[in-house]
Every structure is written in C-alpha cells, then in structure tokens.
Amino acid sequence: MRRIKTIDDITKDGQVEFGEGYDFVEEAKDADAILMRSTDLHGYDLPESIRAIARCGAGVNNIPVREYAKRGVVVFNSPGANSNAVKEIVIAMMILSSRGIVQSMKWVRENAEDPDIFTNAEKAKKAFVGHELKGKRVGVVGLGNVGSKVANACVDLGMEVYGYDPFISIEHAWALSHEVQRVGTLEDLCRDCEYLTLHVPSKADTIGMIGAEQIDMLAPGAVLINFARETIINEDEVDAALREGKLSWFASDFATPKTVKMPNTFVTTHSGAGTGEAEANCADMAISELKDYLENGNIANSVNYPACSMGKARAASRIACLHANVPNMIGQITAVLAKDNANVQRMVNESAGENAYTMFDTDEHLDASTIEELKQIPAIYRVRVIK
Numbered sequence: 368m369r370r371i372k373t374i375d376d377i378t379k380d381g382q383v384e385f386g387e388g389y390d391f392v393e394e395a396k397d398a399d400a401i402l403m404r405s406t407d408l409h410g411y412d413l414p415e416s417i418r419a420i421a422r423c424g425a426g427v428n429n430i431p432v433r434e435y436a437k438r439g440v441v442v443f444n445s446p447g448a449n450s451n452a453v454k455e456i457v458i459a460m461m462i463l464s465s466r467g468i469v470q471s472m473k474w475v476r477e478n479a480e481d482p483d484i485f486t487n488a489e490k491a492k493k494a495f496v497g498h499e500l501k502g503k504r505v506g507v508v509g510l511g512n513v514g515s516k517v518a519n520a521c522v523d524l525g526m527e528v529y530g531y532d533p534f535i536s537i538e539h540a541w542a543l544s545h546e547v548q549r550v551g552t553l554e555d556l557c558r559d560c561e562y563l564t565l566h567v568p569s570k571a572d573t574i575g576m577i578g579a580e581q582i583d584m585l586a587p588g589a590v591l592i593n594f595a596r597e598t599i600i601n602e603d604e605v606d607a608a609l610r611e612g613k614l615s616w617f618a619s620d621f622a623t624p625k626t627v628k629m630p631n632t633f634v635t636t637h638s639g640a641g642t643g644e645a646e647a648n649c650a651d652m653a654i655s656e657l658k659d660y661l662e663n664g665n666i667a668n669s670v671n672y673p674a675c676s677m678g679k680a681r682a683a684s685r686i687a688c689l690h691a692n693v694p695n696m697i698g699q700i701t702a703v704l705a706k707d708n709a710n711v712q713r714m715v716n717e718s719a720g721e722n723a724y725t726m727f728d729t730d731e732h733l734d735a736s737t738i739e740e741l742k743q744i745p746a747i748y749r750v751r752v753i754k
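Residue numbers (the numbering used here): 368 to 754.
Just so you know, these hints were derived from the structure itself, not from any lab.
Be aware that a few hints might be false.
[To be verified] With a straight-line Cα cutoff of 20 Å, these simulated DMTMM-like cross-link-like pairs (lysine to aspartate or glutamate) come out:
(1) Lys-706 - Glu-721
(2) Lys-501 - Asp-481
(3) Lys-613 - Asp-603
(4) Lys-628 - Glu-644
[As the list claims (entries may be wrong)] Label pairs and their computed distance ranges (CB to CB):
(5) Gly-588 - Glu-394: 17 to 25 Å
(6) Glu-394 - Arg-713: 36 to 44 Å
(7) Glu-611 - His-545: 22 to 30 Å
(8) Arg-370 - Gly-575: 25 to 33 Å
(9) Asp-572 - Ser-416: 32 to 40 Å
(10) His-498 - Pro-533: 29 to 37 Å
(11) Arg-713 - Gly-386: 55 to 63 Å
(12) Phe-485 - Ala-667: 16 to 24 Å
Every residue, glycine too, gets a C-beta built ideally from N, C-alpha and C.
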C-alpha cells in the first residue's frame, strides 16, 4: 500500500482519487509522497520517507526544489493543466480594461434609488464609451502553455498579434496560429503595442523585465496585463506610468501592497487558475505523475530531475538511482552490479543541470547488500527499489 499526504484543498469539492493500492494519511512522516497546491514548504520539516512531491499547478516558488533534489525527492508540477482558465481571465481583463464595464455597473449601483434611472442611465452611458479589441495590436511575452493560447484567442478576436519567446518549444510553436507574428526581441514586441500581456516564469532573466523602458515603447495609453508572476514587472515604474497616463490600465493577479494602491487597476486574488475545471485538471495530472513515479520510477514534468521513462515495471526488479550529475556515475553503478553478477536487461540515464537519474531493470532481485553498496556511492542521493 502506497501512502499519500495531501496538503491544501486540492479540488473545490475535496475529492481526490488515487485508486486501488493507495491510502491517505494524516501525518507526512507516514507518507511516501505529498500532493499539494499553495502551502510554502520553505522551512518545512520534510520527513525522510517522502520520495516525491506533486504540486497542482505550474509555479513552484513555494517549494525548495534544489534542496529537495539533493535529498532525492522528485518535485513535479502540472504545466498547462490550468492554461485555459488563465487564458480566459486574461481575455476578460482585456475586455474589462477596454469597455468601462465595471465603471458602468458601479454607476448603476450608486444610482439605484433614482426613480428616473432608466432615462438617466441612457444619458450616463456616454461616459463609459470604450473601444473594441478587433484590429488592436497586442504583444504576448512568453508563448508557452498559457501564452500560446492567449495569442491564438487574440487572433480569433481579430487582433494584430505579436509574440516574443526565445525559448519556445517545438510543441508550442506548432500550436501557434500562423497569424501570430513572432519577433526576435522584447523591444520589437513592445513597440507601438496597445496591449501587452505577460506569460513567463519568474527567473533571474525575467524579474523586473517590464519597466519604464518597455512601457515607453508601447502605444500611448496602452494596457498592461500581468497574470504570470508579480516579480515580472517593476512595480514603481508601472505605478508611475499609470499616474502619468502612459498606461491607461493595469490588470494583475497579484495583490501586493503596491499594486492595490495603483490607479486604474483590476487586481484579482491570484484567481487566474481559479476554476473547478482547472483544479480538477491539475489534480489529475499531478496524481498521474505521482503514480507513474511511485509504481514505475518514470519521471514526467519534474522541475528538479530529468524526464525519464522505461514504461511499466515488468522485470524481476527495477532500481532507480537519484544522484548528482557527475562523471563516471554509470561506471560506478555497473561496477557494483557486476559484483552481484546482476544481469541488467536495460538501463537509462538522463541528466538535467546539477542532477541526474539512472534506472535499470534486472532479471533477479538484488541482494540487500548490493542495494546498500549502491547507496554508498559518492554523490548518490537516494536509491529506490521499485519492484
């Protein structure tokens, strides 16, 4: 029986199903893996029993992924599972920032006691005249799971769409509409855009990437939308641009002490992926990743270990070694196996940055002493006997 500890409310209805062979436990010390969403695990006392953590969502800033890698704990995320939900709210923000809808509804509420409200509303509507999205120029920063969907949706709305992503994957490139015009630099993207929407992760090269320099290149009175990460923008410079009229509106999914005091903003409660469908999709993906790893040792969508798969575990024994990406690791592993006269049916080794993963099937079960000798190899973090 494999044991799972859940942290946070994983789905709106609270239903999480792993199927036969799994049980839920109250204490992490009794668990093999953790399924979680938004709790900050920095400083969390992670038990030695935990082999994997799966986050129901794409961002993993709340998890110390590098530290966990060196403890042999694979961290999974669920990229793309909530992308449609984020796409829809981004399009909603474009419309809200263009049509005066919220302001119009506020006027109606404030004048609800007016007996002549029907007539007066007709007079007041002139104050809320906006403009259509069709024909407007939009720049999409980042063409991954969310950005590619946003770009395609903007094409469908009749907008003139430009995209910037120097690291776009083949998968997402194929998914893009041929009408999305890709540009080579952020400067070229920003130039004369009437809308700019951000869809990149928070990394060293993206933190503060949108500030006064980029805003000055946009069309006067442009709209900025940030449903990526709060660190992507320079808050002080966005605030100044709003007050000076360089930006007409700013939509953000991050209620920071600064954004909530900016003028002309729509700030939401980190609700970009806040749909029941998105929660269910993320949970399904995360559960599938955990099950394949626990049952077969396969890794997909990990943020601290490489993708690696040998299919379903069918041999007498399958062993997985999580280790540092250093020279001669395969030689050291096979040397230990040779002492035990182990017949290796097949072996795979993959690396990603500082970490690597080696998995192999053998015709017979390895002796406990052989497993222990594998664990003693320098730079080995963990050895798992999967079957």
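Output the numbers, in ascending order, of every earlier hint that fails for this structure.
1, 2, 4, 5, 7, 8, 11 and 12
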